[in-house]
Amino acid sequence: MSDNLEQKIIEQIKQENLEPTPRWHFLLKEWLVWSVGVLSLLVGAAAVSVIIYLFRNNDLFIYNQVGRSFGGWLLLSLPYFWIFFLALFVWLLFYNIKHTKRGYRYPLFLIASFSVIASIFLGGVFSLFGLGERIDDVLGRQAPFYDTIFNPHINIWSHPEEGRLSGLVITNFDDNNFVLVDREGEEWAVVYSGKNKGGNNIIVVGQPVRVIGRVGGESLFVAQKIMTMQPGREFFRRFKPAGVSSLNFGPGKVSPACPNDKDVFLNLLQQYPELKQVLEQGLLDNQDLIREISAHNPGFLPMMQSWELFPATMQIIFSR
Amino acid sequence: MDNLLQISDLEDAELVRLSLADPNKFSLIINRYQDKLARYVRRLGAFSAEDTEDILQDIFLKVYLNLNDFKTDLKFSSWIYRIAHNQVISHFRKHQVRPEAHSSPIDSPGFELLANDISLDFQSDVNLRQAAIAAALGKIDARYREILILKFFEDKSYQEISDILKKPAGTVASLLNRAKKSLKNSLSVKMAE
Numbered sequence: 001m002s003d004n005l006e007q008k009i010i011e012q013i014k015q016e017n018l019e020p021t022p023r024w025h026f027l028l029k030e031w032l033v034w035s036v037g038v039l040s041l042l043v044g045a046a047a048v049s050v051i052i053y054l055f056r057n058n059d060l061f062i063y064n065q066v067g068r069s070f071g072g073w074l075l076l077s078l079p080y081f082w083i084f085f086l087a088l089f090v091w092l093l094f095y096n097i098k099h100t101k102r103g104y105r106y107p108l109f110l111i112a113s114f115s116v117i118a119s120i121f122l123g124g125v126f127s128l129f130g131l132g133e134r135i136d137d138v139l140g141r142q143a144p145f146y147d148t149i150f151n152p153h154i155n156i157w158s159h160p161e162e163g164r165l166s167g168l169v170i171t172n173f174d175d176n177n178f179v180l181v182d183r184e185g186e187e188w189a190v191v192y193s194g195k196n197k198g199g200n201n202i203i204v205v206g207q208p209v210r211v212i213g214r215v216g217g218e219s220l221f222v223a224q225k226i227m228t229m230q231p232g233r234e235f236f237r238r239f240k241p242a243g244v245s246s247l248n249f250g251p252g253k254v255s256p257a258c259p260n261d262k263d264v265f266l267n268l269l270q271q272y273p274e275l276k277q278v279l280e281q282g283l284l285d286n287q288d289l290i291r292e293i294s295a296h297n298p299g300f301l302p303m304m305q306s307w308e309l310f311p312a313t314m315q316i317i318f319s320r
Numbered sequence: 321m322d323n324l325l326q327i328s329d330l331e332d333a334e335l336v337r338l339s340l341a342d343p344n345k346f347s348l349i350i351n352r353y354q355d356k357l358a359r360y361v362r363r364l365g366a367f368s369a370e371d372t373e374d375i376l377q378d379i380f381l382k383v384y385l386n387l388n389d390f391k392t393d394l395k396f397s398s399w400i401y402r403i404a405h406n407q408v409i410s411h412f413r414k415h416q417v418r419p420e421a422h423s424s425p426i427d428s429p430g431f432e433l434l435a436n437d438i439s440l441d442f443q444s445d446v447n448l449r450q451a452a453i454a455a456a457l458g459k460i461d462a463r464y465r466e467i468l469i470l471k472f473f474e475d476k477s478y479q480e481i482s483d484i485l486k487k488p489a490g491t492v493a494s495l496l497n498r499a500k501k502s503l504k505n506s507l508s509v510k511m512a513e
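Chains as they are written, first to last, in this note's numbering: chain C, 1 to 320; chain D, 321 to 513.
Hints in this document: simulated from the structure, not taken from any laboratory.
Among the hints, a few may not be true.
[What the hints assert, rightly or not] Okay, the calculated bits of chain D under chain C, using three or more residues with CB under 8 Å as the criterion: (1) 344–358; (2) 376–383; (3) 486–499.
[Unchecked claim] Simulated crosslink set (PhoX-like; lysine-lysine; CA at most 20 Å straight-line): (4) C/Lys29 - D/Lys486; (5) D/Lys382 - D/Lys486; (6) D/Lys345 - C/Lys8; (7) D/Lys500 - D/Lys459; (8) C/Lys101 - D/Lys486; (9) C/Lys29 - C/Lys101; (10) D/Lys382 - C/Lys14; (11) D/Lys391 - D/Lys345.
Just so it is clear, CB atoms sit at the ideal spot from N, CA and C, and this is done for glycine as well.
Based on the provided sequences and hints, a complete structural model is requested.
What follows is the structure, given as structure tokens:
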């Protein structure tokens, strides 16, 4: 090796006017690595909070009611998009920690464990503050492909032929009989005679519900269980007919969408003879209850008579 | 004479500070590391004198351009060895060649340190033993070779090797262990031949 290497290098530095790269350049690079790392942690944690929200409202234990095995129902309802999204940002966090100035000093499994645990822990904290719910609501209102990508529940609950129906209540005749519009924009008359409802006052005009049951005829769904819809509730408001607000239009109140509930109801009965049949059967099956209601509500029988509803059936019930 | 003594007493970090203020002072860093790095580069790839000089020139230019990236929480020697290591790897990639053989002065104490560490007793003649080790080093995986060179020929600690290769200290320890086994196997095969 020549002895003048030192001289050659100094000359080259001078001739080419080489200067050390400024310190801010390295600081900026380091700052960028940390910033992307922190951002990945926050986004990953947000994904965890959505996963927690979806899972909390998964109704895992109704699998037998929808005719599925536990494993099958679980696989069907897993939020794959959010799990992939979380994995992506956990990997980004891992990658950025590894590429900080001293990141190489820590074993990979330690950095990987930290990335996973930190994202899950922070996601749990976000979840306590309702972030997952808010993200789902915002995406439900605005995101394209929400029902196919972001929320598997919408798809799961959009198979009336398999006994699962969901949609927005647009008319409620009483606590048990109502009309909903599903994600295809199709209207369903839902009739229900049991007591298997997930809470009181869940059939409210302008609110989405999930229904387990069976198709009873064209656009008629016979419900066995009615439940509220949490994740995806904002998505169904996209199908809200003009004039339906999210106000609580309880029984006896008039919906702006249906100024005359009685006429709508009577029209529906004409349109759907199956509905009439089911209602009649419901009255016959609950004769004691009908008599009790009538005893406590003197206006009930005159109302039924004035509406000319099921005169023969009413006669049978009240002839006893 | 006093001036020379003062310069040799200066810490590496101080030389970096001086070089940033005056490019001429960078010659002090070149002076201090030129021979060490030349040996290291040759050990990694058995380059010709011309190639070694070219690689060294690239290494020192890179060091100069990145002086502001050096932080005192790392040993300067680890930092400059890291740049040298990366430059040699990039030279291999650029010229699409693999290191041909191990090259170290035959009297390098590294051979005996390595022979003792792997309990090598097959060859009573020191020169022959060292030649066999040099040949075996040229045959094992490059990852193993570089870690053995850093440990036994450059006399680096685990932490320094970790900083040079940018690997966790635990990984360095297990790589070193595997490297010694691989070298021993390679020597056994050679002896069987």
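These are the hints, each one checked on the structure:
| no. | hint | in the structure |
| --- | --- | --- |
| 1 | 344–358 | holds (count 7) |
| 2 | 376–383 | holds (count 4) |
| 3 | 486–499 | holds (count 6) |
| 4 | C/Lys29 - D/Lys486 | holds (18 Å) |
| 5 | D/Lys382 - D/Lys486 | holds (18 Å) |
| 6 | D/Lys345 - C/Lys8 | holds (14 Å) |
| 7 | D/Lys500 - D/Lys459 | holds (13 Å) |
| 8 | C/Lys101 - D/Lys486 | holds (10 Å) |
| 9 | C/Lys29 - C/Lys101 | holds (10 Å) |
| 10 | D/Lys382 - C/Lys14 | holds (15 Å) |
| 11 | D/Lys391 - D/Lys345 | holds (19 Å) |
Checked against the numbered hints above, the structure violates none of them.
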